[in-house]
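Protein chains: 2
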Amino acid sequence: MRTVTYGAACSLDGFIAGPNGEMDWLDFSKDAQSIMGEYWKTIDTILLGRLTYEHAVKSGGGSGEGFPGVVTYLFSRTMTASPDPAVQLIREDAAGVVRRLKEQSGKDICVMSGGALAKSFFEAGVIDVVGLNIHPVLLGSGTPLFLDPGRRMDLELDECRRLQGGCVYLTYRVAS
Amino acid sequence: MRTVTYGAACSLDGFIAGPNGEMDWLDFSKDAQSIMGEYWKTIDTILLGRLTYEHAVKSGGGSGEGFPGVVTYLFSRTMTASPDPAVQLIREDAAGVVRRLKEQSGKDICVMSGGALAKSFFEAGVIDVVGLNIHPVLLGSGTPLFLDPGRRMDLELDECRRLQGGCVYLTYRVAS
Chain W
1 MRTVTYGAAC SLDGFIAGPN GEMDWLDFSK DAQSIMGEYW KTIDTILLGR
51 LTYEHAVKSG GGSGEGFPGV VTYLFSRTMT ASPDPAVQLI REDAAGVVRR
101 LKEQSGKDIC VMSGGALAKS FFEAGVIDVV GLNIHPVLLG SGTPLFLDPG
151 RRMDLELDEC RRLQGGCVYL TYRVAS
Chain R
1 MRTVTYGAAC SLDGFIAGPN GEMDWLDFSK DAQSIMGEYW KTIDTILLGR
51 LTYEHAVKSG GGSGEGFPGV VTYLFSRTMT ASPDPAVQLI REDAAGVVRR
101 LKEQSGKDIC VMSGGALAKS FFEAGVIDVV GLNIHPVLLG SGTPLFLDPG
151 RRMDLELDEC RRLQGGCVYL TYRVAS
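One line per chain: the protein sequences are W and R, in this order.
Note that this note's numbering gives residue 115 to position 115 of the first sequence, counting from 1, and the numbers run on in steps of one.
Note that this note's numbering gives residue 112 to position 112 of the second sequence, counting from 1, and the numbers run on in steps of one.
Please keep in mind that the hints were generated in silico from the structure rather than gathered at the bench.
A few of these clues could be false.
Claimed, not checked - Coverage of chain R stretches by chain W, computed from C-beta distances (three or more under 8 angstroms per stretch; other residues unrestricted): (1) 3-10; (2) 89-100; (3) 144-154; (4) 167-173.
Unchecked claim - Across the chosen pairs, the derived CB separations fall in these ranges: (5) Ser-34/R with Asp-84/W: 40 to 46 angstroms; (6) Met-1/W with Thr-3/R: 46 to 52 angstroms; (7) Glu-123/W with Ala-81/R: 43 to 49 angstroms; (8) Glu-156/W with Glu-22/R: 16 to 22 angstroms.
By construction, the Cβ of each residue, glycine as well, lies at the ideal position given by its N, Cα and C atoms.
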């Protein structure tokens, strides 16, 4: 079964963007680039939330070619057609789609989203790994990393590593 | 100047207690006990939030003798008299009291509270160090570790250590 990872860079107080979408606090250190480069080799599928997609397009990442060698699914209940031929729009049964993707053969799967899409995936129990790059900042408010899925989930710590710039890289397996 | 530390055990999603006050997920490992034992030697003053105090009393920690060798201040706007002769009630100007304590001679100072009292101390800029023992659990909801102090704060990572039971011990100096 393919592993689904919810991965994010976040502040110590659990935000992935500031109150006005600020991401200027992100530290693209060599350590972080190296981790992302290694991780990228293990996946062939990305699950994107709509806001994350729109942010990527605004930042110049939406070239119409998607990510080379990677199948991209965009989850949105409000969009009516995919904004990009390289991106497959999923409007309904998000968790069911992920369950079916996990059963297919292939490399692993990465969830790139804010807490809202991640929450629905946590609720459905389809996330296997949480990977965080905790940055040394308190943002106060913004886009939350975690929203309440309505139940407690136990985790098992895998990696715990200090990165350049005072960042901390943690990975956990979702145990229950 | 005495160092003020906001220290807590928390879940990965930033709660210090579950939605019904649950603290059964806390892991009092030898590692955690050792860190607390060493830390305890460096302080002689504890700043308590009311809810934290009431929780400690319910849990059997309110013997009327306070913490031996430690001066305890209880911050509450609603209490009218100290519930314990060993505890000094502070009803007003919490930040001013902490500023004056910092200027006095003595050992360091520990803030034991939820996010509400900590927020007012962050707002006032009187917290120097944040020390967390991040437990491998997502609680979903509960008593938050951090509330929005209305501004961004940069931190400097000091310690980053894996503890028994999949816990992660992080300490940060508040930089700005």
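Point to revise | Violated hints, by number in ascending order, as checked against the structure | key: 1, 2 and 5
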